[in-house]
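Colleague: These are the residues of each chain, in order.
Protein chains: 2
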Amino acid sequence: MAVLNYLTTTHFDFGAIKLLAQEAARFGAKKPLIATDKGVRAAGLLDQVIAAVPEAKAWPVYDGTPGNPTEEAVEEALALYRSENCDGVICLGGGSSMDLGKAVALLAVSGEPLDRFDPLKGGGRFIKGLAPVICVPTTAGTGSEVSVGFVIILKDGRKVTFANPQIIPKAAICDPELTLGLPPLLTAATGMDAITHCIEAVLTPAINPPAEGVGLDGLWRGWRHIKRAVADGKDRDARWHMMMASTEGAMAFVKGLGAVHAMSHAVGRIKELKAHHGTLNAVCLPAVLRFNEGVCAEKYARLRQAMGLPDGADLAKAVEEMNRAIGLPNGLGAMGVTKEMIPGLIPYAMGDLSNLSNPRKATPEDYAALYAAAL
Amino acid sequence: MAVLNYLTTTHFDFGAIKLLAQEAARFGAKKPLIATDKGVRAAGLLDQVIAAVPEAKAWPVYDGTPGNPTEEAVEEALALYRSENCDGVICLGGGSSMDLGKAVALLAVSGEPLDRFDPLKGGGRFIKGLAPVICVPTTAGTGSEVSVGFVIILKDGRKVTFANPQIIPKAAICDPELTLGLPPLLTAATGMDAITHCIEAVLTPAINPPAEGVGLDGLWRGWRHIKRAVADGKDRDARWHMMMASTEGAMAFVKGLGAVHAMSHAVGRIKELKAHHGTLNAVCLPAVLRFNEGVCAEKYARLRQAMGLPDGADLAKAVEEMNRAIGLPNGLGAMGVTKEMIPGLIPYAMGDLSNLSNPRKATPEDYAALYAAAL
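Each protein sequence line maps, in turn, to chains A and B.
Position one of the first sequence corresponds to residue 1 (my numbering), numbered consecutively onward.
Position one of the second sequence corresponds to residue 1001 (my numbering), numbered consecutively onward.
Take these hints with a grain of salt, some might be off.
Stated by the list, open to error - Below, a list of computed lysine-lysine pairs in the DSS-like style, where the Cα atoms sit at most 27 Å apart:
{"id": "1", "chain 1": "A", "residue 1": "299", "chain 2": "B", "residue 2": "1227"}
{"id": "2", "chain 1": "A", "residue 1": "234", "chain 2": "A", "residue 2": "18"}
{"id": "3", "chain 1": "A", "residue 1": "121", "chain 2": "A", "residue 2": "361"}
{"id": "4", "chain 1": "A", "residue 1": "128", "chain 2": "B", "residue 2": "1038"}
{"id": "5", "chain 1": "A", "residue 1": "170", "chain 2": "B", "residue 2": "1128"}
{"id": "6", "chain 1": "B", "residue 1": "1299", "chain 2": "B", "residue 2": "1274"}
{"id": "7", "chain 1": "A", "residue 1": "38", "chain 2": "A", "residue 2": "170"}
{"id": "8", "chain 1": "A", "residue 1": "38", "chain 2": "A", "residue 2": "271"}
{"id": "9", "chain 1": "B", "residue 1": "1170", "chain 2": "A", "residue 2": "170"}
{"id": "10", "chain 1": "A", "residue 1": "227", "chain 2": "B", "residue 2": "1299"}
{"id": "11", "chain 1": "A", "residue 1": "155", "chain 2": "A", "residue 2": "18"}
{"id": "12", "chain 1": "A", "residue 1": "234", "chain 2": "B", "residue 2": "1299"}
{"id": "13", "chain 1": "B", "residue 1": "1299", "chain 2": "A", "residue 2": "299"}
{"id": "14", "chain 1": "B", "residue 1": "1227", "chain 2": "B", "residue 2": "1128"}
{"id": "15", "chain 1": "B", "residue 1": "1030", "chain 2": "B", "residue 2": "1057"}
{"id": "16", "chain 1": "A", "residue 1": "170", "chain 2": "A", "residue 2": "128"}
{"id": "17", "chain 1": "A", "residue 1": "227", "chain 2": "A", "residue 2": "299"}
{"id": "18", "chain 1": "B", "residue 1": "1038", "chain 2": "B", "residue 2": "1274"}
{"id": "19", "chain 1": "B", "residue 1": "1271", "chain 2": "B", "residue 2": "1299"}
{"id": "20", "chain 1": "A", "residue 1": "227", "chain 2": "A", "residue 2": "274"}
{"id": "21", "chain 1": "A", "residue 1": "38", "chain 2": "A", "residue 2": "234"}
{"id": "22", "chain 1": "B", "residue 1": "1038", "chain 2": "B", "residue 2": "1234"}
{"id": "23", "chain 1": "B", "residue 1": "1271", "chain 2": "B", "residue 2": "1121"}
{"id": "24", "chain 1": "A", "residue 1": "299", "chain 2": "B", "residue 2": "1170"}
These are calculated hints, taken from the structure and not from any lab test.
Using the sequences and the accompanying hints, generate a full structural model.
Modeller: As structure tokens, then:
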């Protein structure tokens, strides 16, 4: 088994889930809250964890995490955490469950309300600490198990990215076994989420070459294995590499993200659309790649190399072809976004944390054009 | 200025040295020992640091570090540390000063003798802690400022690698300004040290894709800039990238190293030769690249890509050409090693920690052939 000792100690391999109780104990969590969702439970993954880790049977479970987690759900889970006297959080699921669990761990120690921790308002100074968080991803895309942030839709309708080094989970257990049953469409969407993380992290101008190296490795791995993982969910080798690409994507985006995420978050906050974050990233990525081209020529050359594309290949076109090949929608229109919605999206994209780290400064007019192109 | 928050918080840029006192204070070091060597002092670098950091004027200085640091020198520095009631170590120099300083920090808290910490004898269990270590590299090659280890020649003649996650320095201050005066030959030798770290770390079979990504990025950077840094020591851009390649090389070799280092350490322990570690690595690298080829074909393809070489290019030949171009010796013979010495080197190479992580198992006969080829 690989043990990756970076900021999050990551146990990575088939069967790693067996280490969950031991890891919880290591951080003093005797009665952690399991933060998950109904889909994870219905897929039998909670049972799979309990079968491998008998201690988990006694741990309280919150399974009300919505697809795009909300402040209301965080409060509900926090109430359960408190009434059960929990002392840690096990996040079991995709990005939604992990983000919700991280928010619960923050509020459990640093206190409500959530929005005072908004990094755009200097919220880091209010963080007194977090309850110990151990993440167990069941998808390969978000990388939230090693990331500095979480994203929650607040009661006022904003979808806010909370990012701070203190939020990085103590430990992650990445067991690709838990992803073998993930259906093709979710495999494709979450896989493109990981690939988008790697690409946007490399392109963002912050100076952090080690993170760029990790992002390029994740891109190399993800791009080579995504079609195999989508075509055959039981392809253990492909599942291993997709999960690694996901973890690496989030290690890389300690550098920041870019306009793709600004666009996705603005759409993701519209609850009625129930739009999947990874799918949004996949369909917005080509337009942003065309927009950023020219300001980062050397980095584009390295992205092409990592993706095994010839010199000068059209990156945006390669992503469009990949999206088509793995069955993802061909644009935001197919996901319910209409031309009329665009003006309402722009202020949220402009106000998103990821907008600040896009390599090319984007104006409201640019976002209007980007949304139109991605439609 | 780039701040790289990995296991070692690394302040990286021209002028970063100004942060030294602040970083020392952050780890509670009010009177740290400066571990350095006479070459660093003679080059004016100690004065340069004191000019930028007035507090450093009051810190005791040990400048007796030999080219390949010995247990005797460690004890001498430790005696000064104790008599001056120091509370931390600032390592100022190349790999030798950094390794010596790390050893002093270990013994100051965990107690002598040094050899009980040998990782090949399970020595990690004796580590009770280290005094805070802040490294300030003045060469770009060793990467010891972020590495898990240090190498010391013990009184019994063995050159032992002490490696443990607890040894990773708390902070590093990487200021390429301090390398502008490094002469061409030392620039070449230390630069090839960094490049060897990146290559051996990628090739070693431990599973750690993020470390591999970092190593490939370091190789990409180092290979592109080493000739420029050697040709013009004042090329600030080349110096920046060489220092980053050095840091990345050591972040990568958390995975382990290989036969090049086993060979180099065995020669480096012969005090009369006064052989430079980086130069030894550079001249041993081609033979080991030929030896390992075939067991890691996919990794060789990635190394070629990082080095900008065409598909199928002869890696060993490329390194030989590079060594020639930057003025390094063409073999161990030119460094004083004779055919007759080879049998005496083999047991030390076989017993070296790095031998265990070479991708292809090497026998004593293999080392005989490797030394003969590198002669």
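Colleague: Which of the listed hints are broken here?
Modeller: Structure breaks hints 4, 6, 11, 14, 19, 24.
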